Structures are given as structure tokens and as C-alpha cells.
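Protein chains: 2
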Amino acid sequence: MTTEAKPSTRDRLLEAAAALTYRDGVGIGVEALCRAAGVSKRSLYKLFDSKDELLAASLEERAAAFAATLLPAVDDGRSPRERILHVFEQVESQAGVPEYRGCRYLAVQVELKDQSHPASRVAHHVKANLTAFFRSEAEQGGASDPDLLARQLSLVFDGASARAGIGADQLTGLIAPTVATLLDVAGMR
Amino acid sequence: MTTEAKPSTRDRLLEAAAALTYRDGVGIGVEALCRAAGVSKRSLYKLFDSKDELLAASLEERAAAFAATLLPAVDDGRSPRERILHVFEQVESQAGVPEYRGCRYLAVQVELKDQSHPASRVAHHVKANLTAFFRSEAEQGGASDPDLLARQLSLVFDGASARAGIGADQLTGLIAPTVATLLDVAGMR
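In order, the protein sequences belong to chains A and B.
Counting with my numbering, you get residues 65 to 253 for the letters of the first sequence.
Counting with my numbering, you get residues 65 to 253 for the letters of the second sequence.
Next up, chain A with everything else stripped away, as it sits in the complex (with noise of 0.2 angstroms):
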């Protein structure tokens, strides 16, 4: 929101389908989030056509602030081996969080098992821009192999994520050290 305006209709729906999704999953009802919304559901058929599509529009609008909360600055004048180690810091920061539950880009595609779905796609997306820019950095720094690396960091990023969420893993001790060999391995300056 860029004023201080009450929030409207849609941003309340956009809001609870976001955290009640990743809080409970996607297969949270129409009832529980025009409840968490304080709205009708006439409201919510009146916005988006479908419960589907306003959990593609709440991952939409997360989309920009999984970016500034993962990404460095551009041109922060760190080196590309430091930028993408910052993107690894933040998740392990974010996963010492209790409500902590794992990537949602991950867990929504994860939980809808069906890749055209149009939640499916927008975290497709977000998460294919995410690899774009661990291949860009691999790239600037480097890397004797763009590609792989920049795949190797997507993998790690979702399964570090994903273990954490489950809480299967506290990543403390892991996910620097890993991240760290593939950059030795890659010739990552």
C-alpha cells in the first residue's frame, strides 16, 4: 500500500489468502478467508473470479517483497560470490522464525500438483526468477558453469527451504558451508 488508507477489499482478500495459505495450505475454504478478510463473498466474486485466482493474485503480490527480502541491492558492490551468499543468509535467517513454513512459491506448487494451475504459475515464475538470478551472478563471477551452478543454487535454495519448513533441518551449519563448496567447485570469485 503506498498510502495509510484503510486497506481496500482487495488488498484485505490478497492479505488472507497469503497467510492463510501458508499458514494451512491451499486448500483453506472461500468461508475462513472472507472471514480473516471481513468480507462477503459476494465481495471476493465481485474481484476475482474464483478462489484459484485470488491465490494467483496474493502470490503475485508477494512477489516483489520475496525479492527485496532475498535479494541484494543492484549494484551493491559486493561481488557476485557475496550476493549470492546474501540470498542463503536470508533464508537461513528467516527459517529460525517459528511460523516459518518454507519457500510458499515452492509449497503452493507443491500442494496443487498440477502445473497449469494459475497459482502454479505465477510461483513458477517467481521461482524461475530467482534461478535467472543466481545464473546472472554465476555468470558475472565467473563460474565455470553458469547453468549447473545456477541449478545447483536453485536446488539447494528449495530444499534447504523445504527442510526447514518441515522442521526437519535448522539449516545452522549447513546451508553456508554447501553453498560455499558448489562456489569453490564453480571457481566463483
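None of these hints come from the bench; they were simulated from the model.
Check the hints yourself; a few may be wrong.
One copy or two, it doesn't matter: identical chains are merged, so the pair holds either way.
Result set (DSS-like, lysine-lysine): computed pairs, CA atoms no more than 30 angstroms apart in a straight line [stated by the list, open to error]: (1) LYS105 - LYS177; (2) LYS70 - LYS115; (3) LYS70 - LYS110; (4) LYS177 - LYS115.
Note that this is a predicted model, so its numbers are computed, not measured.
Chain A is already provided as a structure; the job is to place chain B on it using the hints.
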């Protein structure tokens, strides 16, 4: 099943729960499960206290097959390094099947978002056994830090199967070099 007799009501329910949950997610309804199993709801509730208990039992039932498919035979004469690589060859091979939706034991935990759910507990236990296998092989192979290597391999397992399951990566040319790098750096014979 150990005989060629018609599957029991219980076996049909376990099979339907495993198959439908894997394909459609944990939100699958009791009606759909009963229809797929050819069993009445009354029969389901005579055998299981709840859908949650049926889901947990179906994951438990599959645990032996999960291990048998992934893990090498005990004392197969190969080195710990080769035995670990064997697991990831199986993942890459499974990921090539169109119906592949990733590791069912990761998916159910991501979907349920509740570590105390009976199905989450079964899934957590099954995956902890996989990490224990990695840990044991790492130690036998002389890894410099067997705990770290076991956590890294578990992370790669979950990241790779999740990304393949959502169609974000095919794993070809990714999983083998990544695991080999981690084994090399750990000094695994």
C-alpha cells in the same frame, strides 16, 4: 501382499490413500478414497479411527518399498560412495516418469504443515531413516564430517525430488555432479 488372494478391504484402502494422496494431495475427501477403494465409509471407519489415521497407515505401509527402491542392498560389496550415489541415481530415474510428483514423504509434510499430525510423524521418521543411512555410509566412507554430509545429502535429496516433482528441473546433469562434489569435498572414498 504375501499371497495372490484378493486384496483385503484394508489393503485396498491403504493403496487408494497412497495413490490418491500422491496424485491429488492430502485434501482428498473420504468419499473419493472410498470410491477408489470400492469400500463403504462404514468399513473405512471400522478399520481406521479417521482419515488422518488411514493416511498415516498408508505412508507407513509404503515405507519398506520406499527404502527398497532407493537404498542399495545391505553388503552389496560397493563402496559407501557408490552406495550413496546409487540413491541419487534412483531419484533421477524416478523423476523421469511423467507421474512423478516428488518424494511423498516430503510432500505430505509440506501439505499438512503440522508436525504433530500422525501422517507427518510417519513421514518424518521415514526420512530420518534416510538421513541415518547417509550418516552411516558417510562414516564408513571416511567423510571428514559425517553429520554435515548426511544433512547435505538429505537437503539435496529433498531439493532435487521437490524440483523434479513440480516440473522445475529434470535433474539430468544436475544431481550426479552435485552429489559427487559434496562427496569429494568430504573426502569420501
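Under a CA distance limit of 30 angstroms, which applies to LYS70 and LYS110: within one copy, between copies, both, or neither?
Only inside one copy: LYS70 and LYS110 sit 19 angstroms apart there, 52 angstroms across copies, limit 30 angstroms.
As a check of your reading, is LYS70 near LYS115 (CA-CA no more than 30 angstroms) within one copy, between copies, both or neither?
within (23 angstroms within a copy, 42 angstroms between copies)
First find the shortest C-alpha distance between LYS105 and LYS177 inside one copy, then the shortest across copies, and answer within, between, both or neither for a cut-off of 30 angstroms.
Answer is both: 26 angstroms inside a copy and 26 angstroms across each meet the 30 angstroms cutoff.
Give the relationship of LYS177 and LYS115 under a CA distance limit of 30 angstroms: within one copy only, between copies only, both, or neither.
The answer is both: 16 angstroms in one copy and 20 angstroms across copies each meet 30 angstroms.
Figure legend: structure checked against the earlier numbered hints; every hint is met.
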